[in-house]
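K.L.:
In order, the protein sequence lines correspond to chains A and B.
Here this note's numbering is used: the first residue of the first sequence is 1, the next is one more, and so on.
Here this note's numbering is used: the first residue of the second sequence is 213, the next is one more, and so on.
Keep in mind that a hint or two might mislead.
[To be verified] Computed list of lysine-lysine pairs in DSBU-like fashion (alpha-carbon distance at most 30 Å, straight line): (1) B:Lys347 - A:Lys34; (2) B:Lys281 - A:Lys31; (3) A:Lys23 - B:Lys369; (4) B:Lys297 - A:Lys191; (5) B:Lys369 - B:Lys281; (6) A:Lys60 - B:Lys265; (7) B:Lys264 - A:Lys23.
[What the hints assert, rightly or not] Covered by chain B, per the in silico footprint, the following chain A stretches (three or more residues, Cβ under 8 Å): (8) 34–44; (9) 60–73; (10) 196–204.
For the record, the hints were derived by calculation from the structure and aren't laboratory data.
All C-beta atoms in this analysis are idealised placements derived from N, C-alpha and C, irrespective of residue type, glycine included.
This is what each chain is made of:
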Amino acid sequence: MPNQTIKLGGGLRQDADVITVMKAGRLRFLKPNKYWVESSQKRYVPRVDDNVLGIVVDTKADNFLVDIKGPAIAFLPVLAFEGGTRRNIPKFEAGTLVYVRVVKANPGTNPELSCTDASGKAAEFGPLKDGFMFECSTGLSRMMLSSPTCPVLEEFGKKLSFEVAVGLNGRVWVNAASPATVIVVSNAIMKSESLSSTQQRIMARKLLEKVQ
Amino acid sequence: MEIDRIDGRSPNQLRPLACSRGILNRAHGSASWSQGDTKVLAAVYGPKAGTKKNENPERACIEVIWKPKTGQSGKQEKEYEMILKRTLQSICILTINPNTTTSIIIQVVQDDGSLLPCAINAACAALVDAGIPLKHLAVSICCCLASSGYVILDPTKQEEEVSVFL
Numbered sequence: 001m002p003n004q005t006i007k008l009g010g011g012l013r014q015d016a017d018v019i020t021v022m023k024a025g026r027l028r029f030l031k032p033n034k035y036w037v038e039s040s041q042k043r044y045v046p047r048v049d050d051n052v053l054g055i056v057v058d059t060k061a062d063n064f065l066v067d068i069k070g071p072a073i074a075f076l077p078v079l080a081f082e083g084g085t086r087r088n089i090p091k092f093e094a095g096t097l098v099y100v101r102v103v104k105a106n107p108g109t110n111p112e113l114s115c116t117d118a119s120g121k122a123a124e125f126g127p128l129k130d131g132f133m134f135e136c137s138t139g140l141s142r143m144m145l146s147s148p149t150c151p152v153l154e155e156f157g158k159k160l161s162f163e164v165a166v167g168l169n170g171r172v173w174v175n176a177a178s179p180a181t182v183i184v185v186s187n188a189i190m191k192s193e194s195l196s197s198t199q200q201r202i203m204a205r206k207l208l209e210k211v212q
Numbered sequence: 213m214e215i216d217r218i219d220g221r222s223p224n225q226l227r228p229l230a231c232s233r234g235i236l237n238r239a240h241g242s243a244s245w246s247q248g249d250t251k252v253l254a255a256v257y258g259p260k261a262g263t264k265k266n267e268n269p270e271r272a273c274i275e276v277i278w279k280p281k282t283g284q285s286g287k288q289e290k291e292y293e294m295i296l297k298r299t300l301q302s303i304c305i306l307t308i309n310p311n312t313t314t315s316i317i318i319q320v321v322q323d324d325g326s327l328l329p330c331a332i333n334a335a336c337a338a339l340v341d342a343g344i345p346l347k348h349l350a351v352s353i354c355c356c357l358a359s360s361g362y363v364i365l366d367p368t369k370q371e372e373e374v375s376v377f378l
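This is chain A alone, in the form it adopts within the complex (with noise of 0.2 Å):
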């Protein structure tokens, strides 16, 4: 092969002249120069621009100290919303549920985390109210927010009215009118992990059935 500069991601490491894995997975190549190994955990690795779900911990003077399910506790600054000043600081309790952008993450420290995109407007982030929310591994939050749109949410959004907001780091929160819509719908989709796309048709079709 003639000299080529590849990139490395996650799951892949160099040791000199020899690139060894480091994780059990599928290996990806995104041309021109990208490889990396994809693979599916129930514990999340901290990466930049990934949404994710956290809980808020702990209040600190300039940080709010949030759990994402990775090796170190996430800091939330207390600033990081949109039109945020001294003055308007969110009153976050602990167990407060927030859908947040990862802005920093490197390994040896704490990642740092945003409420806003990166224009600086809302965009939906900030803390998620009422609705259920459960931990699922991350392969099935990539499998749900890929494109074409994951079968399950398909075949659920054409009968049924509710919120979903996934988390790559593992976490899924969904809200709807009734508690049943609630329930099936979070039952179909900690079900779906390992069914191919139509398997997963036919599962949504059968509970719909039941439902209605």
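We have chain A; now place chain B onto it with these hints.
P.N.:
Below, chain B alone, put in the same frame as chain A:
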């Protein structure tokens, strides 16, 4: 000269192996490994923030807890924990997540000989299931010296008891 093992195996033959991953719901990684009748369950939690007091904060720390099938943890269990900890420290990449602790809990379900190698294999499978970065995979096997002077692999509990050296 053919050596007669109680279950009819040849000296180099292993017992049937079985492994399942992802069996525990709450653990971040789990695996069960069985060699014949010996069965060990391994669970991995982590990486979690913070290391113990004596450990180097520049590297990740590995903590092993060995739970015997019955009775209290004694010196034998502490020895197994130390051996496992050293083995796993050599295969894990410790510099990736500094200042974190990964806990590995080994539960002996059934002991029919060759217990420590079975536990090492189970712990390695559980680490892979949890997605902890590893340099290599660890594989281990037990061999013992029978009284007739032959080296046999993967002994059962009976063979271990009559062996001269393990």
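K.L.:
For a quick check of understanding: which of the numbered hints are violated here, in increasing order?
P.N.:
Going through the list in order, the structure violates hints 2, 3, 4 and 10 and respects the others.
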